[in-house]
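**Student:** Residues per chain, in single letters:
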Amino acid sequence: MTHAITPTRRLFLGTLVGTAAASRLPTKALAAAPWPTDPITIIVTTKAGGGFDAMARNLAPALSRELGVPVNVLDKEGGAMVIGTKYFLGQPHDGNTLLVTGPAPYWYADINKFHAGYDLKDFEILNVQWTDKTGVFVPVGGRFQSFKEIIDAIKAHPGEVSCGVVRDSGEFFNAGILMDALKLPLSTIRLVTYEASAPLRTAVAGSQLDFAMVSLEASLGMLSLIKAVGLFNDVRIPELPDTPTVNEILQAEGITATFVPSSMRALVLYADLKDKHPDQYDRLRGAYEKVLKDPEFLAKAKKQGVGTDWLGPEKSLEQIKAAYAIFDRYKSLLNQ
Amino acid sequence: MIDWPALVSALHILQSSYSAWLLTIPGIALGMLGGAIPGVSSALILAIVLPATLWMSLLSALIFMTAIYTGAAFGVAIPAILMGVPGSPAAVATSFDGYPMTQRGEHNLALGLALAASTLGHMGAYLILFLGIGWISHAVLKLGPLEMLLLMLWGLSLIAVLRGRYVSRSLLSGLIGILIATIGLSPRDVIRGTFDIPELLDGVPVVAAMIGLFAASELFNLAGASYLVQRSDLRKVSVREIARGMLTALHHPVVILRGLVIGATIGGLPGVGAAVCNLVSYAETRRGDKHPESFGKGNPKGVIAAEAGNASSEAGSMATLLALGIPGGASSAVMLAALSLHDVTSGPQFLDSSKDIVYAIILNNFVQGAIMLVLGLGLIGLMANVIRIPVRVLIPVILVLATFGSYSFSGNMTGPIAMVVFGLVGWFMQRHDYSVPACVVGLILGGKVEGALLQTYQISGGGQISYFLGRPIAMVLLALLLFSLFSRPIMQWWRQKRATNPNPARESAVKII
Amino acid sequence: MPSESKRAIDWEHIFFLAAVLIFLVWYLSDATVASPTFSNLILIAPVGAIAAVLVFYIGTIEIFGHRAAVKSVAADTGHAAAEADPSRFRSGSLGTIALLMVFFGLFVAAIPYAGFDVATFVFVIATLWLLGERSVVFMLTLALGISTGISVAALTLLTFPIPMAIARAVWRAL
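Protein chains in written order, with our numbering: chain A, 1 to 336; chain B, 337 to 849; chain C, 850 to 1023.
If you are wondering where the hints come from, they were derived from the structure by calculation, not from laboratory data.
Since the model is a prediction, treat every value here as computed from it, not as a measurement.
Glycine included, each C-beta is placed from N, C-alpha and C at the ideal position.
Please note that the accuracy of each hint is not assured.
[Stated by the list, open to error] Residues from chain B that face chain A, not an exhaustive set, calculated with beta carbons under 10 Å:
| id | residue |
| --- | --- |
| 1 | I527 |
| 2 | A674 |
| 3 | I801 |
[Claimed, not checked] To give an idea of the interface, some chain B residues facing chain C are shown, with a C-beta separation under 7 Å as derived from the structure:
| id | residue |
| --- | --- |
| 4 | I384 |
| 5 | G529 |
| 6 | I533 |
| 7 | F686 |
| 8 | L735 |
| 9 | E786 |
| 10 | L789 |
Just need the whole structure built from these sequences, with the hints factored in.
**Tutor:** In structure tokens:
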């Protein structure tokens, strides 16, 4: 065996060492050098493998190219996003730490139920980049093949139809809103709460549940096992042209309801960043907006199913507050 | 069953992708070394290398990661055997019999047993995966909350066999472990027992608590000893002995097979990881044995069972990861992130379209098993020298490393603090004959049991019998559970009743206390 | 064995049981106050109740029923073996062990203030000395080696900061 450093070995070794070392060593910074000179960390409030993590990991290399410094992703999951959020708040309030989290619905529970000690005003929600669309799914070949059938069954057999949602998620609230719209108590359905959307989808795929309300994007990979019979959205989407929206179906029954959006995934900065380090804020925001228009980033994001909306801080906050207003009406659900 | 064209394609891919092979050996070595540090888990190592995988091809990334996973699966057994402190919950049961063996000077044997069991379990489980990945994933789908609950209860029933001298005390240990596991956010997001400390919202860090408990009961008690192995004539590293251990493992094929099947099937269930599999495998082997009381004192079968269960769970979790896109635990979650970084959404679609890559991973893992045998032999030959290091050096070093490991796990001081607190608790427990392993079992499974229990309640509409009766798989599992729990004691009792006349009832009544 | 004389009550054991009971009462009441619903208490209520019963049972045996306890232990087939059970091995005086635990506790407590590097250094030296090491050179070398090793590992591999007193500054200067 030779000891030559083949190109592959070089690539591999260089990658390992380079990534490890470069991500930690700050470059020698001169006081006058423009920000950023140190690596940037994006904190994600969920664990590796989920949507938030994917969003951050998609953003990191593109941001890194724009800003010229390494951008690392740090998963700090736990406590329904409280741990990561508090960790973020505990770091120095400059542009070197960013946060990817779910202000709606997760922070709502954090603030109102868990008394986490922070509030919307402690943050600058730069942009809600990715709002999940949710769908109503049934097992392929299951008891119900349309949303109407589900609603009929709920009315005809109270206490028998099982519905799965991720605990304290937007869909959880939507279950409550749906039952309200049908003028039935929540106990009419068997609401089963799951820790995350992956086990929930599995449960539907395995016909454990009659139906589930869960986020759409990742479910698209399982369409051989689960079928979407309704969409929580304003309009039908091209990926599922034959799936009606929930509102379409409800309107046909003469029912109207306002649902909450599902997980809103946002890039968040410190509230005082604009005042304390205006140059950093501008640079960050500029770089981020550029990234969201970068074709390479967009292509990769599309492939991974990551959202790429630009709403901006004002509109993002507006949407979040609108969601909170609806949550407020259904606060009692949190204590179920 | 086997998709031959995909297999051929897989062989082609493996042949041409030498970078994937280049990564296998460092992966296994990295996993083994990392796993051997208590507190450093495969999930941690995987999270560290995750950014580097961005530059690799999909196949290379997955092979590298599974290699780390494979290496770590065995690596955690090393401190479990040599010092009684498992590298992670996946090796808890290995320490039950592995450490007593070390104390008798049979450490080489134990390490050899573990290596062989781990390798055979790993390869066997991947063989099952190869033959039936589609079938396994379908089976996983069929298991609902009730079945999960029964599985968790099965794992918890291990507490009953872990008794020291007093059943009641070990039972209490286990129950306290369960309660502590529920501290933090409940499955319904109720905050319990956190003193308003946000870091505790996620509960007590189980790995750190486990290390504290074991460290207290083993390491601290060694304070006055000079070496781990008391007798100096037994205090040597013998590769021949290690090899003998490996061959000895082959004398117990049933034990290995049992562990293998357990890991390959339930190891894939979300939330059921190597920790549960190694415990269940150990418990079942012990239950089915003619001399269950010999377990916990250095019975080789205990080590074999635990390691076979541990190693085979990797294949199980890969099955659900690739075929269903569901991560089974922290380690597979990181792999899922790697998949998404490579623009892959795993799931039934992936399985259908990229079967060749899946086969390539499986085939590579076979070879990983063989590599691990060689690498493992060399490495444990090296690491077994730990027993020649004086205890006064070992104690501070292990404690520091474990503290570092548990800090890295949670990223804050809850890990190290839990280690200290549980170290104290564990020491008291051990002093008064409260089984530490029972508490650890409760800790590991407590949270999961509650989740499954709650979901079962919800999905059955509040406990309606009709739900339970309509689930044949659950009925079968329940029957198996009851059988494995009660068949032996009942048979023993019956046998005694027939054999002796005077006061058989009193003896067995006392046993039940 | 049944003729063993009445042994003294192990008060340390009672103290331990009392601590367990306090934990049980506190935890269950905290959980109930947080949410007295079925879904919240479905597991912890029964488990806590059985645990409490066991505490009283064991405590009662400890205080009153030594004879019965001794007898039932004797009937346990594993009794003789349990005595020789290697897991019950303990060497070193209680004092040493207690000090070891105290040192460990201090070490962990010191980490946020003295940093991992300095705390490790001090802890390794202190523990080595406690456990009998007398060669100053060896102690210093090992302590330095371990703390450097850990510092390097933490600074290069981990993506989040770990408390360090001097290592980070040294690293940057390099």
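**Student:** I384 (chain B) was flagged as interface toward chain C. Is the shortest Cβ-Cβ separation under 7 Å?
**Tutor:** Since the shortest Cβ distance to chain C is 5 Å, the answer is holds.
**Student:** Measuring from the C-beta of A674 (chain B) to each C-beta in chain A, is the shortest one below 10 Å?
**Tutor:** 9 Å, holds
**Student:** Identify whether the interface hint at E786 (chain B) stands, where standing means a beta carbon of chain C within less than 7 Å of its own.
**Tutor:** 4 Å, holds
**Student:** Going by Cβ atoms only, is G529 (chain B) closer than 7 Å to chain C?
**Tutor:** With Cβ-Cβ at 5 Å, under 7 Å, it holds.
**Student:** Does I527 (chain B) hold up as a contact with chain A if the rule is Cβ-Cβ below 10 Å?
**Tutor:** Constraint on I527 (chain B) satisfied, holds at 6 Å.
**Student:** Per the CB criterion, is F686 (chain B) less than 7 Å away from chain C?
**Tutor:** This interface hint is violated because 28 Å lies over the 7 Å limit.
**Student:** Does the interface hint hold: is I801 (chain B) within less than 10 Å of chain A, judged Cβ to Cβ?
**Tutor:** Violated, because the Cβ-Cβ distance from I801 (chain B) to chain A comes to roughly 14 Å (cut-off 10 Å).
**Student:** May I ask you to test the interface hint for L735 (chain B) with respect to chain C, counting a Cβ-Cβ separation under 7 Å as satisfied?
**Tutor:** 6 Å, holds
**Student:** Hint validation: I533 (chain B) versus chain C, beta carbon distance must be below 7 Å. Holds or violated?
**Tutor:** 13 Å, violated
**Student:** Under the criterion of a CB-CB separation shorter than 7 Å, is L789 (chain B) in contact with chain C as hinted?
**Tutor:** 6 Å, holds
Going down the numbered hints, you'll see the structure goes against 3, 6 and 7, while the others check out.
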